[in-house]
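Enquirer: Now for the letters of each chain:
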Amino acid sequence: MSRGFLSKTGTLVAKDLRVELRGRDTLPPMVAFAFTVSLLLAFAAPAPPELREPDALPLGAVGFIDVVAAFFWITILFAGLIGFARTFELERDDGAIDALLLVPVDRSGLFMAKAVANLTFVAVVQAVLLPTFAVLFHFDLGMSWFALIGVVALVDVGFVSIGTLFASVAAQTRSRELVLPILALPVLVPLFIAAFELTSDLLAGDGLQAVASRGWFGIVVAFDAVFAIAAALVFEFVIDA
Amino acid sequence: MTCAIEIDGLQVAFGRTLALRHLDARIHEGIAGLFGPNGSGKSTLLRVLAGLLRPSAGTVRLFGRPLTMKDEELRGRIGYAGHRSGLYGRLTVMENLELFARLHGTRPDRPARMLDELGLSDRRNTPAGELSAGYRRRAAVARALLHDPDLLLLDEPYANLDDEASDAVSGAVIAWRQPGRVAIVATHGAKKVKAYADAGLILKNGELIRQGTYETTGFTV
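Going down the list, the sequences are from chains L and F. When we follow our numbering, the leftmost residue of the first sequence carries the number 356, and every step to the right adds one. When we follow our numbering, the leftmost residue of the second sequence carries the number -13, and every step to the right adds one.
What the hints contain is simulated information worked out from the structure, not anything from laboratory work. Computed from a prediction, not measured in an experiment: that's the story for all the values here. C-beta: ideal position from N, C-alpha, C; glycine also. One thing to keep in mind: the hints can contain errors.
Only some residues are given here: those of chain L computed to face chain F with a beta carbon under 8 Å [said to hold, decoys possible]:
| # | residue |
| --- | --- |
| 1 | LEU361 |
| 2 | LYS370 |
| 3 | ARG377 |
| 4 | GLY378 |
| 5 | GLU444 |
| 6 | GLY450 |
| 7 | ALA451 |
| 8 | LEU456 |
| 9 | LEU491 |
| 10 | THR528 |
| 11 | ARG531 |
| 12 | LEU533 |
| 13 | VAL593 |
| 14 | ASP595 |
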């Protein structure tokens, strides 16, 4: 990657973030959705009493931890799709996409810029959601917070790659809000199953080393590697179609 | 004069409608007016030449190279202002121009110069989305000219402009003109383009019905 490529990609990321800071069109709906859903889930599935007394837990609580992990990732999944659907909206508003397609920047740079902007939005949502979940579902990870953040970051790479790619496909259709989840969800299933499993292991008290040795961890790493590269390569054909 | 654009058998279809029908043309360096009534295919032709629309059939060569969006260097030599401004509404006019200047790798003083040339200096800090239609048009032309393109494609650059603003646009295009460069300016009203164009093309129902050098009395085909 040349310095020019990185500098132009950085310029595009800064543009997306600046536009978002001024317009606040994407992040507030994502955060509001995630926060509201987490509140609803907390009321719908109150924590079992034994969860509040860690000494008393083991078996019964593990099932609940699985549910909390699933709640967390499903909330992130749909909050992310809300944001991804807007990925190319600001380019479409007054034809900026035409001007952007003519700049001498490799298409993978355009993809990377959009993906990094989306990653930032998802990370902000997660920064709000993780402490909210910790409070609402009464879990304290101690030192495992770092491991959880690592797993979350790893899952985000694949999630954002797929979301950004399919957002570019959906942007070329009339009913893009419907098309995006239809395209993205089936592809994201294995990534999110792995994310549930790894998160529930961490919530159950396993350390990063134990979690990293699981097959699910390998699935996330492989998913990231394959889909991040494939999405960057395919993006060129989608955007120029 | 060097032949800058070679169009052979160009055809563009939208569903069953043929927007351009088997178009052949050779456009030389200089400024060409593109005329024709509504729906004649002017905007479609400009979008094809900008590489933003893939033709259904035929080929286009720019400066001797086949037109393809994969050609990064060729892309950077094109300046295009379509019906829409191509600007980010939340960014100011200056921020928009600075953004595209960085992406095109042009000199940092170019945005301020283009604002001056097009009479936009007093609107430099106005968000592009809050500009009037006329100012937005001028800002779009400024963006298209920003990187000193070799091929300039302007679609109705005089729409919504008063006489003073029209003169600013004409002045900027004339100042841009250099040997080896080619511009195509699509417009309904031939009068403004007539003042500085070297050649002209007339489209009707997607067909090129006339092409030639432009003189005060019309075309010499």
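Enquirer: Against each hint, give a clear statement of whether it holds in the structure.
Expert: We went through each hint and held it up to the structure:
1. LEU361: This interface hint is violated because 13 Å lies over the 8 Å limit.
2. LYS370: Constraint on L:LYS370 satisfied, holds at 6 Å.
3. ARG377: Interface hint status for L:ARG377: holds (5 Å vs cutoff 8 Å).
4. GLY378: Status holds, d = 5 Å.
5. GLU444: violated, 11 Å
6. GLY450: holds, 3 Å
7. ALA451: holds, 5 Å
8. LEU456: Holds - the Cβ of L:LEU456 comes within 8 Å of chain F, reaching about 6 Å at its closest.
9. LEU491: Because about 34 Å separates L:LEU491 from the closest Cβ in chain F, which is outside the 8 Å limit, the hint is violated.
10. THR528: Hint on L:THR528: violated, closest Cβ of chain F at ~16 Å, above 8 Å.
11. ARG531: violated, 18 Å
12. LEU533: violated, 22 Å
13. VAL593: violated, 12 Å
14. ASP595: holds, 5 Å
In this structure, the hints that do not hold are numbers 1, 5, 9, 10, 11, 12, 13, in rising order.
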